[in-house]
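What follows is the residue order along each chain.
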Amino acid sequence: GESVGLHLPTLSVQEGDNSIINCAYSNSASDYFIWYKQESGKGPQFIIDIRSNMDKRQGQRVTVLLNKTVKHLSLQIAATQPGDSAVYFCAENRDTGNQFYFGTGTSLTVIP
Amino acid sequence: DGGITQSPKYLFRKEGQNVTLSCEQNLNHDAMYWYRQDPGQGLRLIYYSQIVNDFQKGDIAEGYSVSREKKESFPLTVTSAQKNPTAFYLCASIEGDGLRVRGYTFGSGTRLTVV
Chain Y
1 GESVGLHLPT LSVQEGDNSI INCAYSNSAS DYFIWYKQES GKGPQFIIDI
51 RSNMDKRQGQ RVTVLLNKTV KHLSLQIAAT QPGDSAVYFC AENRDTGNQF
101 YFGTGTSLTV IP
Chain V
1001 DGGITQSPKY LFRKEGQNVT LSCEQNLNHD AMYWYRQDPG QGLRLIYYSQ
1051 IVNDFQKGDI AEGYSVSREK KESFPLTVTS AQKNPTAFYL CASIEGDGLR
1101 VRGYTFGSGT RLTVV
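Read top to bottom, the protein sequences are chains Y and V.
For the first sequence, the working numbering gives the first residue as 1, with consecutive numbering after it.
For the second sequence, the working numbering gives the first residue as 1001, with consecutive numbering after it.
Think of the hints as simulated: they come from the structure by calculation, not from any bench.
Quick caveat: nothing in here was measured; it's all calculated off a predicted structure.
We put the beta carbon where it would ideally sit given N, CA and C, even for glycine.
Just so you know, not all the hints are guaranteed correct.
Restricting the straight-line Cα-Cα distance to at most 27 Å, the calculated cross-link-like pairs of lysine-lysine (BS3-like) are [claimed, not checked]:
1. K71/Y with K1083/V
2. K56/Y with K68/Y
3. K1083/V with K42/Y
4. K1057/V with K1071/V
5. K1071/V with K68/Y
FRET-style restraints, in silico, Cβ to Cβ [unchecked claim]:
6. T10/Y with N1053/V: 28 to 38 Å
7. T10/Y with R1102/V: 24 to 34 Å
8. D1038/V with D95/Y: 36 to 46 Å
9. A1081/V with T96/Y: 29 to 39 Å
10. S12/Y with E1062/V: 31 to 41 Å
11. Q1056/V with A79/Y: 37 to 47 Å
12. Q58/Y with N1018/V: 40 to 50 Å
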């Protein structure tokens, strides 16, 4: 399944399936992006980052894809596990900026 | 272990009162940030400080105040001028020029409720 992260949508997947979480960013000058995972009642944690000179970056079970033409970012989670249940945020930064701007997040629920 | 400690975890405030949220880090990070998180919304920047005794307003600074007297500490005061203070507050920090290297390290947050 997949979802667009603009109004805290929800995404439910079966354990073991792959998840795709999408994010549309706002500023064409943004050139560094991070995906964060936030579990209930906790602060966000870094998952993976990507710079604008790349289209794809892989981590452990996660892949981030960047499409600068349409200002779109996606996070793919392979073999989704119950521990992956959380809210996922994308964040963008511009080289001249000293803060990140966050999307509204997508709530992922993994069904055992 | 190094990290960011926010306290208290839950805070209740009566209308018209000021409250101060604590944020302490032992990471030796230079820059510290305060974000506000509301349901269904992304994080919004309140204030940030890149060095001791200096801080800048973020996008939603009205009704808030901060101080940075020590590198380790960046307390946030929610004043009575903040009309809708009920939210989850997150403190974050970055080492030196590390904004574009893995971004923020976040604390575990303080949930403020006005009663």
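So, going through the hints one by one against the coordinates:
{"no.": "1", "hint": "K71/Y with K1083/V", "result": "violated (35 Å)"}
{"no.": "2", "hint": "K56/Y with K68/Y", "result": "holds (11 Å)"}
{"no.": "3", "hint": "K1083/V with K42/Y", "result": "holds (25 Å)"}
{"no.": "4", "hint": "K1057/V with K1071/V", "result": "holds (18 Å)"}
{"no.": "5", "hint": "K1071/V with K68/Y", "result": "violated (37 Å)"}
{"no.": "6", "hint": "T10/Y with N1053/V: 28 to 38 Å", "result": "violated (44 Å)"}
{"no.": "7", "hint": "T10/Y with R1102/V: 24 to 34 Å", "result": "holds (28 Å)"}
{"no.": "8", "hint": "D1038/V with D95/Y: 36 to 46 Å", "result": "violated (29 Å)"}
{"no.": "9", "hint": "A1081/V with T96/Y: 29 to 39 Å", "result": "holds (31 Å)"}
{"no.": "10", "hint": "S12/Y with E1062/V: 31 to 41 Å", "result": "holds (38 Å)"}
{"no.": "11", "hint": "Q1056/V with A79/Y: 37 to 47 Å", "result": "holds (43 Å)"}
{"no.": "12", "hint": "Q58/Y with N1018/V: 40 to 50 Å", "result": "holds (48 Å)"}
Figure legend: structure checked against the earlier numbered hints; hints not met, in rising order: 1, 5, 6, 8.
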